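**Student:** Chains A and B, in that order, are what the protein sequence lines are.
The number in my numbering is simply the position in the first sequence, starting from 1, with 32 added.
The number in my numbering is simply the position in the second sequence, starting from 1, with 31 added.
Treat the hints loosely; a few may be bogus.
For the chain A half of the interface with chain B, some residues (derived, Cβ under 10 Å), not all of them [what the hints assert, rightly or not]:
#1 Ala-123
#2 Leu-154
#3 Ala-194
Label pairs and their computed distance ranges (CB to CB) [said to hold, decoys possible]:
#4 Ala-109(B) to Leu-68(A): 29 to 37 Å
#5 Tyr-94(B) to Ser-50(A): 20 to 28 Å
#6 Thr-112(B) to Thr-182(A): 18 to 26 Å
#7 Ala-102(A) to Ser-90(B): 33 to 41 Å
#8 Val-45(B) to Thr-83(A): 25 to 33 Å
#9 Arg-89(B) to Val-79(A): 34 to 42 Å
#10 Thr-123(B) to Ala-84(A): 25 to 33 Å
#11 Tyr-100(B) to Leu-71(A): 17 to 25 Å
If the Cβ cut is set under 10 Å, some of the chain A residues that face chain B in the computed set are [as the list claims (entries may be wrong)]:
#12 Arg-39
#13 Leu-63
#14 Leu-77
#15 Val-79
#16 Ala-81
#17 Arg-128
#18 Cys-134
#19 Tyr-137
#20 Leu-141
#21 Ala-151
#22 Ala-163
#23 Asp-168
#24 Ala-179
Please keep in mind that the hints were generated in silico from the structure rather than gathered at the bench.
Just so it is clear, the structure is predicted and the values come from calculations on it, not from any experiment.
Yeah, the Cβ is synthetic: ideal placement off N, Cα and C, and Gly gets one too.
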Amino acid sequence: MADDEPRISYVERLGRTSMRSVVLVALWIVLAEGDLESLKVGALLAVAAATASVALLPGPLPRLSAWGLARFVAFFAIQSFAGGTDVALRALHPRRPLDPSCLWYDFRLSGHTPRVVFANTLSLLPGTLSARFDGDRLEVHVLDRGASTTRSIAQVEDRVAALFGIVLPMSGEVE
Amino acid sequence: MIPVVDIASTALFVASGFYFLAGSVGLVRFPDVYTRLHALTKADNLGLGLLVTGLALRSGSWYTVAKLYAIWLLVLFASATSCYLVAHAARTGGIPVWRNERP
């Protein structure tokens with residue numbers, strides 16, 4: 033095991049293992065379509081997976097804000113329609129209108145998980161594609177220089193921040 | 032089954048097919064690896080989302096609905112991750128970004 037991993041107490045380890053076991057058992061019940069007989073195997077596997085999870089990721093998992101999550105899901109659904117339709121029309125258009133470019137975006141978000149969620153969200157949303165992490169900035173490939181700007185990317189970052197219950201500096205500026 | 036559900040899910044399937052088709056057309060017509068990744072990630076996210084929603088309407092079981100959306104989430108995660116890996120490899124490997132030279 034790595035030396036830089038956070039040391040956690042026995043109680044914390046037990047608490048996190050049980051919490052993650054409960055979540056995994058719930059997932060098992062969904063996958064087994066409510067067949068509780070199968071929990072004989074499922075519960076055992078869930079505890080084993082939770083133990084492995086705490087061994088690999090001992091730190092606390094980032095907490096999600098329920099209100100942020102609801103807003104994020106709605107935002108994601110609407111933007112997915114916009115993004116899918118935009119790229120479909122460009123693909124089917126006789127002249128195939130594209131004006132791609134790359135830009136560097138400075139993270140306001142900190143923390144590994146929020147940044148990865150943000151970069152992945154950008155890749156799934158209209159006109160943007162995360163291409164490269166470099167320290168505190170992210171290289172973004174955009175499909176249309178005119179349409180995707182630092183400002184629209186910052187808006188996505190605000191939504192991801194809200195998902196984790198974080199308020200970003202300067203977030204008022206992008207509204 | 033209620034006809035309304037039939038009509039709604041069929042409409043979702045047709046829309047899903049349209050986005051998958053458009054994504055494939057983009058894969059063929061777009062000029063470089065980056066723009067092609069755009070076509071795949073966006074169209075697949077929406078195409079599969081619509082397909083899963085149409086299937087969920089017909090499933091008649093909450094367990095199946097939960098499973099279908101779990102599949103969609105896993106695919107989104109895999110899609111965004113592999114998209115990043117390809118784009119990152121292309122960018123660090125020095126594959127140039129296609130620019131529009133037309134006015």
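**Student:** At the C-beta level, are Val-45(B) and Thr-83(A) separated by a distance inside 25 to 33 Å?
**Tutor:** Since the Cβ atoms of Val-45(B) and Thr-83(A) sit about 46 Å apart, the hinted range of 25 to 33 Å is violated.
**Student:** Please verify that hint: Leu-141(A), Cβ, nearest Cβ of chain B, below 10 Å or not.
**Tutor:** Hint violated; Leu-141(A) Cβ to chain B Cβ min 16 Å, cut 10 Å.
**Student:** Holds or violated: 25 to 33 Å for the Cβ distance of Thr-123(B) and Ala-84(A)?
**Tutor:** 32 Å, holds
**Student:** Given a cut of 10 Å on the nearest C-beta pair, is the interface hint for Ala-179(A) held or broken against chain B?
**Tutor:** 12 Å, violated
**Student:** Hint Val-79(A) vs chain B: min CB-CB distance below 10 Å?
**Tutor:** 21 Å, violated
**Student:** Between Ala-102(A) and Ser-90(B), is the Cβ distance one that fits in 33 to 41 Å?
**Tutor:** 24 Å, violated
**Student:** Can Leu-77(A) be said to touch chain B, with a Cβ gap under 10 Å?
**Tutor:** Not OK, violated: Leu-77(A) not within 10 Å of chain B, min 17 Å.
**Student:** Identify whether the interface hint at Leu-154(A) stands, where standing means a beta carbon of chain B within less than 10 Å of its own.
**Tutor:** This interface hint holds because 9 Å falls under the 10 Å limit.
**Student:** Are Tyr-94(B) and Ser-50(A) spaced within 20 to 28 Å by their CB atoms?
**Tutor:** Holds: the Cβ-Cβ distance is about 24 Å, inside 20 to 28 Å.
**Student:** Would the hint on Ala-194(A) stand, with a C-beta cut-off of 10 Å toward chain B?
**Tutor:** Result: violated, 19 Å to nearest chain B Cβ.
**Student:** Can the suggested window of 17 to 25 Å be confirmed for the beta-carbon pair Tyr-100(B) and Leu-71(A)?
**Tutor:** Cβ of Tyr-100(B) to Cβ of Leu-71(A): about 22 Å, so the range 17 to 25 Å holds.
**Student:** Is the interface hint satisfied for Tyr-137(A)? The criterion is a beta-carbon contact with chain B at less than 10 Å.
**Tutor:** Violated, about 14 Å.
In summary, the structure is inconsistent with hints 3, 7, 8, 12, 14, 15, 16, 19, 20, 23, 24 from the numbered list given earlier, while agreeing with the others.
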